[in-house]
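Engineer: Letter by letter, the chains look like this.
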Amino acid sequence: MSPPEVTDSPHLPARRSVREMMGLVLLALLPGIMASVALFGPGVVLQIGLATFFALVFEGLMLGMRGKPLQPFISDLSAPLTAVLFALCLPPLTPWWVAAIGMAAAIVVGKHLYGGLGHNLFNPAMVGVAVVLVCFPGEFTRWLPPAGLEQPFATPGLIDSMKAIFSGQLPPPWAWDTLAQATPLDTLRTSGAQGLMQDEIRQQPMFGNVGGKGWEWIAAFHALGGLFLLWKKIIPWQTPVAVLSATVAFSLPLWLFEPALHPSPLFHIFSGGLMLAAFFIATDPVTGCTTARGRLIFGFGIALLTLLIRRWGAYPDGIAFAVLLMNCAAPLIDGLTRARYLGEGAASD
Amino acid sequence: MPDSVVITSKHENDRVPGELPCIRCGYCASACPVRLQPQQLLWHLRAGSLERAENDGLHACTECGICDAVCPSHIPLARQFRLGKQSMALKTALSTQAEAARLRFEARGQRLQRESVERAELERTRTQTMAAPDAIAAALARARAKRGANAGEKGE
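Quick mapping for you: the protein sequence lines, in order, are chains A and B. FYI, my numbering numbers position 202 of the first sequence as 202, with every residue one higher than the one before it. FYI, my numbering numbers position 107 of the second sequence as 107, with every residue one higher than the one before it.
The reader is advised that the hints may include incorrect statements.
Said to hold, decoys possible - Per label pair, the in silico range of CB-to-CB distance:
| hint | chain 1 | residue 1 | chain 2 | residue 2 | range |
| --- | --- | --- | --- | --- | --- |
| 1 | A | Pro331 | B | Val34 | 31 to 41 Å |
| 2 | A | Ala249 | B | Ala47 | 32 to 42 Å |
| 3 | A | Lys233 | B | Val34 | 12 to 22 Å |
Stated by the list, open to error - Rough simulated footprint, nothing fancy, chain A against chain B, three-plus residues with beta-carbon under 8 Å:
| hint | segment |
| --- | --- |
| 4 | 21 to 29 |
| 5 | 34 to 43 |
| 6 | 47 to 60 |
| 7 | 69 to 76 |
No lab work stands behind these hints, which were simulated from the structure alone. Where is the CB? At the ideal position from N, CA and C, for every residue including glycine.
Bound-form chain A, shown alone (with noise of 0.2 Å):
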């Protein structure tokens, strides 16, 4: 019998891998999208598909120029979740060129130029977001009314989505001036701008029985998705905690004040993007806190930024800004809230 081979650490396989754990966030973000498809039509599947092209070509052209192997870090399945994530953020008919511009925004500076994954400062899909947001303002208030609203018009099948997509211009019979709807919070802004009273807000067709009609069922399957996450214990339970708690608790005080100025605490919570960060933004492991503390943190700075900017900011959700900017803060806190380790502070020997 040959002695025992001594081998150094680590011994056995882990568990899990980063492939594993990208693979199941994309699984948990089908109910999510199989929603806004419905709600949407099929120009959301086409824009998931856009980013997803434009990431992995972005991607591979990065990682041939960093001189990095090409097949571990495309097949680690990052570029097509910040892909994804992008691309729920977007209208549905958005032109391709958004997403090409988006993608090379995230991918290329918020992500390789910072080093690659798990290098990067700032949320490379919320960068994304944030870059064509602020570029192309325009292409964001075409947002589709959702399917089953008292319209005369349904949502474009796959041809007019494509056509509108690829050429930038609607296919007749279509036409934005009809097609295209300001989104709830949109309104909300606009209306409360005018001096209307939240019951008077509320009574028009777009809003449903907590948020915006349509809207309000996409933030639940998000949350379904969310739960299924941290069931699996892929992302930790403090930052959605954080997120949601935080937005009752910033806009309860004030929706209980006065209820005819403010919006209710749950529309806030199923109206744009909050529900979709709370549970798959916030979390990203790279670019959010790691610390249990600073992962409370991190999510109630998120939810008071997104808050403020709904209120106040020059855009009707901030949700991008807000990430961003906590990304900024998480380094900091990170170290600032560190938990003692088992014997720290005991007289040493």
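Place chain B on chain A using the hints.
Structural biologist: Using the frame of chain A, we list chain B on its own:
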């Protein structure tokens, strides 16, 4: 002495896959039995900042390797920490040595100084004795006294 021993079948060692960058997921931190933050320690060690790793509790690592087993990026964390602890020990040993050498050097300097002062003092007294007018007579007297004493001893 190792704190833990892992015995595996041979083929299990071959299944340890290649390493990817740390994505700071924190699985290692929630698995660590001494509640360290391996992802932060790795961060500091790879940045060459041994002091910060030490400040975050590098010395408390028991090298159990649980972090290795949960890391989705398959980073050999425990190995990194062992190396880190070794370089920390080396650094401590070197600085202890350097401190001892410094103390020795300073003591030698003080001794040399003291000796040179003493030598100068001796020289001065001798010069004074030699320069006295009855130096020779005194020396002779001393020698005579010595010889007389010796003779007296022999006589007894």
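Engineer: Against each hint, give a clear statement of whether it holds in the structure.
Structural biologist: Now the hints, each set against the structure:
1. A:Pro331 with B:Val34: 31 to 41 Å: Given a distance of about 23 Å, which is not inside 31 to 41 Å, the answer is violated.
2. A:Ala249 with B:Ala47: 32 to 42 Å: holds (37 Å)
3. A:Lys233 with B:Val34: 12 to 22 Å: For valine 34 of chain B against lysine 233 of chain A, whose Cβ atoms are near 21 Å apart, the range 12 to 22 Å holds.
4. 21 to 29: holds (count 8)
5. 34 to 43: Check passed, 6 qualifying residues.
6. 47 to 60: Coverage by chain A holds for the segment 47 to 60 of chain B (3 residues, Cβ < 8 Å).
7. 69 to 76: With 7 residues in contact (Cβ-Cβ under 8 Å with chain A), the coverage given for the segment 69 to 76 of chain B holds.
Checked against the numbered hints given earlier, this structure breaks only hint 1.
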